[in-house]
Structures are given as structure tokens and as C-alpha cells.
Amino acid sequence: MSRSFYRWISPIAVLLIWELASRSGLVNALILPPPSMALADLVKLIIDGELQKALWASIYRILCGFVLAVTVGIALGALMARIRLVDLLLDPLVELLRPISPLAIFPLAILWFGIGDASKIFIIGLAASFPVILNTYAGVRSIDPNFFRASQSLGASPTEIFTSIVLPGSLPHIFTGVRLAWGISLIVIIAAEMVGATIGIGYMVLEAQQTFRTERVFAGIIVIGLLGFLTDLGFRRLRSALLPWYRET
Amino acid sequence: MGASASSESLVRLDGVALTFAGNSHRKPVEVLKGVDLEVGSGEFVSLIGPSGCGKSTLLTLVAGYLAPTSGRALFDGRAIEGPGRERMMVFQQPTLFPWLTAAENVAYGLKLRANRGACADIAAQVDHLLDLVQLTGFSHHYPVELSGGMQQRLQIARALAVDPQLLLMDEPLGALDALTRRTMQREVLRIWAETRKTILFVTHDIDEAVILSDRIYAMTPRPSTIREAVEVALPRPRHRDDPEIARLSRHLSSLLE
Chain A
0 MSRSFYRWIS PIAVLLIWEL ASRSGLVNAL ILPPPSMALA DLVKLIIDGE
50 LQKALWASIY RILCGFVLAV TVGIALGALM ARIRLVDLLL DPLVELLRPI
100 SPLAIFPLAI LWFGIGDASK IFIIGLAASF PVILNTYAGV RSIDPNFFRA
150 SQSLGASPTE IFTSIVLPGS LPHIFTGVRL AWGISLIVII AAEMVGATIG
200 IGYMVLEAQQ TFRTERVFAG IIVIGLLGFL TDLGFRRLRS ALLPWYRET
Chain B
0 MGASASSESL VRLDGVALTF AGNSHRKPVE VLKGVDLEVG SGEFVSLIGP
50 SGCGKSTLLT LVAGYLAPTS GRALFDGRAI EGPGRERMMV FQQPTLFPWL
100 TAAENVAYGL KLRANRGACA DIAAQVDHLL DLVQLTGFSH HYPVELSGGM
150 QQRLQIARAL AVDPQLLLMD EPLGALDALT RRTMQREVLR IWAETRKTIL
200 FVTHDIDEAV ILSDRIYAMT PRPSTIREAV EVALPRPRHR DDPEIARLSR
250 HLSSLLE
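First to last, the sequence lines map onto chains A and B.
Each step along the first sequence adds one to the number in numbering that gives the first Met the number 0, with nothing skipped, and position 92 is 91.
Each step along the second sequence adds one to the number in numbering that gives the first Met the number 0, with nothing skipped, and position 25 is 24.
Errors might be hidden in some of the hints.
[Unchecked claim] The calculated label-pair distances, taken between Cβ atoms and stated as ranges, are:
| no. | chain 1 | residue 1 | chain 2 | residue 2 | range |
| --- | --- | --- | --- | --- | --- |
| 1 | B | Gly-39 | A | Leu-84 | 38 to 48 Å |
| 2 | A | Leu-84 | B | His-238 | 36 to 46 Å |
| 3 | B | Ser-69 | A | Val-66 | 32 to 42 Å |
| 4 | B | Ser-69 | A | Glu-94 | 39 to 49 Å |
| 5 | B | Ser-69 | A | Ser-156 | 24 to 34 Å |
| 6 | A | Leu-88 | B | Arg-77 | 36 to 46 Å |
Rather than coming from a laboratory, the hints here were simulated on the basis of the structure.
Ideal placement from N, C-alpha and C gives every residue a C-beta, glycine not left out.
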């Protein structure tokens, strides 16, 4: 039997036991509804168009916050790594803000930006920028100093050195930072939507829990899981396409 | 410009000294002291000396990565001020850009100053250079996919691409196994003969210096200066078992003791 066959055994077994346990009345279906019910509710959500609306609201916020975090993170990380004064000025701020849970700042974000998209985009932009800053910094610092010398001798200007050495040289690290940032964005958006929102996947799950539609809670969790899994798969594909030369050591 | 004898030398160091400044934790380090050296156009000149004596530092001065603390470093009669395309460094570790293919590494310097529409021209030059260093057919390989010797040949091709007058080679064969090293010595001589470039070559291998060079500067331990300049007026190709070669090698190793 192939390896992939064995990999399917345990998830399917868990789902089967779960299904039987809640259908037989062994556990209260209100607390743990069978997976088939969650799936049926997911289909209903899609047919009604409710899922698409909630999902799009969440994805829109994630994308805006993520793009903000990646842009600001790469710029700040690279500047800090290349210019000592920028490093000295910004490093204390980064180190002070980084350990604060983004959710602790979320009430402030609502106060400043309201309960709509802006507060979520802000909080994702803030929380997801740290791994990008730190990994970009490490990436630029990891470049062999002789690369700079070689490109200088070959006639590269400071701008050309930045675009032809600094950026590609730190790209593997930057990519790691970007992937981490995406993971953080997914976590933060769900939590933020549970605390203060009127639409979105996180809001949908919380509302379902409060109205005892537990099957919908599971439907939401399935969607969140799939979103994370598929996008990370996309990131891994993107890395081998963007960095064919890179060998992990 | 006068027609004095000194104007013929491509590289000229006059009383060059270099001291790395100290700070509160470290004492200043005097690396070079009163170095006088000349490399004529088209010559193959080697620097040998005990490890850590500042041979590589001397190359970085000529490359323009560092400026001497005192004395004069001249290239083609003018003071060296920073790196330039006429003086290309070949580093000990093959400093190839890992994100570029072999052909793209060679094209890197050409593209920096290229006019638009010069692409076909660049491709032809890259092919020619890859042929010269015998890497024909490897143009689409990334550096990680090449052996150590191939990487060094590629680094030489990248340096030659911008048509420098001088190649500064910092123990370019030091990281290679003994067999590859012998082959690469012949390769370096062949490339030197075909391109008529001037070469300033650092090595700690005395035999290698004698086989390759027109002249060898033996350096003292730090603070380093030139102990003796040894002319090697023997025809090439040279063989290790030639008694004259052996005599020169013995003389040079006595200088380094």
C-alpha cells in the first residue's frame, strides 16, 4: 500500500467515530453535532451565498492588512539592516511593540478606526509586519559582504546594488517572513472579528455559537482550516517558482 | 605624462602602510608597512607569505575596497580611489550570485552599463566567455549545481566580462582538491595567455607561485613588508621536477622561514 493510503486512515477513522457517536446519542448532538450535519450546513451556507459574503469580507481585510504589513516590513527591515542610524532609532520600538498581543491593542483600534474594515486592517498590518521586519533584517545581514564588493567592482551603483544584490539575496528570508505574516493575518482576523465586527468568518462562527447552531461553528472552522491549508500550499509552490536556486541548509 | 620607467607599470605601490584603527576594546593592528611593489602591464605576479601576513589585504587595497593609511597606491599612474571595472577581484570563495544562472552571472557586469537593445550582443559575449573558461553548455545552471573548480572558472569569466586590465586573484585555487588545483593552474595560465590580462595572484603555495609567475614577491609576517622580489625567467609550461624550479622553490621557502 502507498504512503498516501496510510495518511488517510486516521482522519477518516476519527470522522467515522465522531459521526457514529453523535448519531447514536452517545454525546449530545447540540454540543457535538455529527460532521455530516456540519457539511450539510456548509453547503446550505454556500447556496444561500452567506458564506461567500462572510469569506469575502474576511479575505478583503486579510489582503489589505497583509499587503500593508509586507510592504512596510520589507522597507523597514531592509533600511534597518543597511543604515545603522535607522536601526538604532527603530529597534527599541520594534522590540517594545512586538511582544504585545495584537488583541490587546484591538480595543484601541476600534476606538480609532471604528468597527468596520479599517480597524482590522490596522491590527493585521501591525501584527504581521514584525516577522517580515525581523526576517528581512536577518536576510539582508546574511548576505556575503564580498557580494557587495564584487558588484561594486562590476560597476553597480547603490540603487543597482539594492535591487540586484540586497533584494534577491534576502529573498529566501523575506519569503519565510511573508509566510509567517500570512499565518498571523489568518489568526488575527478571526479573533478580531469575534471581538468587534458585523460580518466576516470570525463573526459568523461566534454568532452561530451564541445561537446554538453548533454545526455552523464547525462549518466555519472547516472553512478557516481549508483557507489556511490551501494558501500555505500556494506559498510553498510560489517559493519553488520564485527561488529555483535556493537550497535549504 | 612623462616617459619615465615608472609610467610603464600598471600597478605601483610606494611605501604603502595599512593600520586597522583600534577602539576601547581592541588595539590597533598594523597589517602592512612600507610596501613597495610594481606590476607591469601583461605580467603575472604572485604574492606569497605566511598566513595572516596581509597578502589578501594588499589585494583589497589595489581593488579599492580599502585605502592605505599612508603611502601611495597607483593604477596606471593614477591614485586608486575606490573599486573600478579596470581592476577585477577573483575571490577565494567563489563569490557568485546564487540567484543568477551561470550565464546571468557573467552577464551581470555587462548589463549594468548596457545600452538598450544590446541584448543579443551581451548573449554573444557571454557565450564566448563561457567557452573561454570551458563552461560551454552550463549557461542555465545555477552556481550550486557546479563543482568548486567550475565555480572558480565561472567567477573568472564574470570578472573578464567587463574587460578589466588587471585581475586580482586571492588564493583562487585554495579551496580546490589537489588534482583540480593542478588542472586549474594550467587553466589560469591558458586564460592569461589568451586574454593578455595582467594578473596579481595571492597564494600560500610556493610551487604554484613558481609554476605560474613572472615575478614573486615574498612577504614577511605582520606588520608585513616585501622581503624579496624573485624573478622567474623560465619558459612555460614549467614542470615541478625541473631542477631550476626546485631551486627557486627552496630559495623562496627559506625566505618564508
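Hints numbered earlier in the text: which of these fail when held up against the supplied structure?
2 and 3
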